[in-house]
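Listed below are the residues making up each chain.
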Amino acid sequence: MINFLYNFLSIPLVHIIVALVAILAFIGLNGVVLVYMERKVAGFIQRRPGPYEVGPQGLLQPVADALKLLGKQLTSPMGADKILFWSAPIISFAPVVVCFLPIPFGPSQNSTGMELNLGLLLVLAFSGINVFALCMTGWGSNNKYSLLGAARAVSQSVAYEIPLLLAVLSIAFQTGSLNLSEIVSSQQGVIHWNIFMQPLAFIIYFISATAETNRAPFDLPEAESELTAGFHTEYSGMTFGLFFLAEYAYMIVVCSVATALFLGGWDGPFFDGFWWFLFKVYSLMLVLMWFRWTYPRVRFDQLLNICWKWLIPLSVLNLILTAFFYKTGTLKC
Amino acid sequence: MLKDISKTLIGLWSLIIGLKITGKEFFKPWLTIHYPRQEVKNLNTYRGHIELTGQEADPWVPKCVMCGRCAEICPSGCIHIEFHIAGEEDSSQTEKILIGVGVEIPFSGKKFVPTAKIERELDIFNLNYNLCSLCGLCVQNCPVDSIKFSKDVYLAGRSRQDFEYDLLKRLKKQG
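Sequence lines, in order, name chains A and B. Counting from 0, one number per residue, gives the positions in the first sequence under numbering that gives the first Met the number 0. Counting from 0, one number per residue, gives the positions in the second sequence under numbering that gives the first Met the number 0.
Hint data in this document are derived by calculation from the structure and do not stem from the laboratory. Mixed in with the good hints, there may be bad ones.
[What the hints assert, rightly or not] Think about it this way: if two alpha-carbon atoms lie no more than 16 Å apart in a straight line, the pair counts; the simulated EDC-like pairs of lysine to aspartate or glutamate are: (1) B/K171 <-> B/D3; (2) B/K172 <-> B/D57; (3) A/K308 <-> A/E160; (4) B/K147 <-> B/E55; (5) A/K39 <-> B/E24; (6) A/K308 <-> B/D3.
Since this is a predicted model, take the numbers as computed values, not measurements.
Hey, can you work out the whole structure from these sequences and the hints?
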């Protein structure tokens, strides 16, 4: 029976469908867990308990929030472009599911949704679609806050995609592959993790990823104090919920890619397995939350200055040095 | 160029210090309390509505000497006092003396100069907390410290009448 299931799962189409369903379940569950985690972290850093009343230790609070969002009426503002307005949340959420496909969660073949030679490229390409969705919300909402938020989102994402790509590219230079599973299996043993080889690339990647996912201190597209809620000002109920889910899912994607590229993926000091992968991903998430509750939001010119004046030159330098050392054979893959 | 780089490095170091501070705060105990299950303890400085203090010998009887200064000075006119002269056994028969805003006080100023000590008994000491602005003038001006701020933090009511207090009754309950 188990053998039959195993064989059945190895049919590519079945494998992808099962993987997609599992990913969707993971994204939903993950949203619940991360909302709770974020609010608890915020609470503890500000020395208060965070959600506490719903369920034991407030564990059911995200469920209550989700039910509230599901029950809300969906409205669209007067003068809004209906097609753009209603399709934007779906376009924001749909590509994130694909981004999970090439990520190797564990050592076995079945823990990767789809083995792809260009897995890394797929993740980067599909995560770019989110910007398009934000652009649509800005134009479709017929609201000045949404428009400003979308304009910010676009310029921010375009700027930070460059250092992100360059940092990722230096890892690709080093391992000679864009397949995430191969990159992970090339760094067996803690000493061989790429973070020790490419610390600068990791820092650049992580900063750019924070900006790409619109996380504080780079959360200008949804800056509450300036733009009420930024690009999703006009969205209510589950349309807002979709943006929210997508945002958390993208955070998991960038953290997963960071884990696979720099932290050895599912490789650990002992007992290799998916638990190490999840542990690393959630640790990185914790760091992102820690950032959010530590740093104030940057100004827009500062945001772009960090990118164009520091991150891009540094990542280019990092890339050139990587290429030089590996081409001349000073360092081996 | 070098200056810029050193400035950036110093800035980066300050970011790490920031993380250190919030990281430390993360592990410290909470400062807030769960209200319905716990209550704050340091209410010494809390200024709630006023209440009467009892005599040391007899905590049911207020220290009040019925001078009426509190009612007189109250800018909102929320204190209402009535008393009668002691000795006249049936207090319902005697004329109650009312002190308050807009009421002529018969014993203050030149109109009434007591020649001997007059024993008075307090009949009514009412507070209309709806009007009170918590200025504290009554507490400051009481010559015998008969009025103090209560520590009633968790006040809640459904109607205006809930905030009209009979302070004499309250003192008797507390005693």
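For B/K172 and B/D57, compute the direct alpha-carbon distance and say whether it is at most 16 Å.
13 Å, holds
Run the distance test for A/K308 versus B/D3: straight-line Cα separation, threshold 16 Å.
It holds: about 11 Å lies between the C-alpha atoms, which stays within 16 Å.
For the pair supplied as a hint, A/K39 and B/E24, is the alpha-carbon distance within the 16 Å limit?
Holds, at roughly 13 Å.
Verify the proposed pairing of B/K147 with B/E55, using a straight-line Cα cut of 16 Å.
15 Å, holds
Could you grab the alpha-carbon distance between A/K308 and A/E160 and see if it respects the 16 Å cut-off?
OK: A/K308 and A/E160 at ~14 Å, within 16 Å.
Straight-line Cα separation of B/K171 and B/D3 no greater than 16 Å?
74 Å, violated
Violated hints amount to a single one, hint 1; each of the other numbered hints is respected by the structure.
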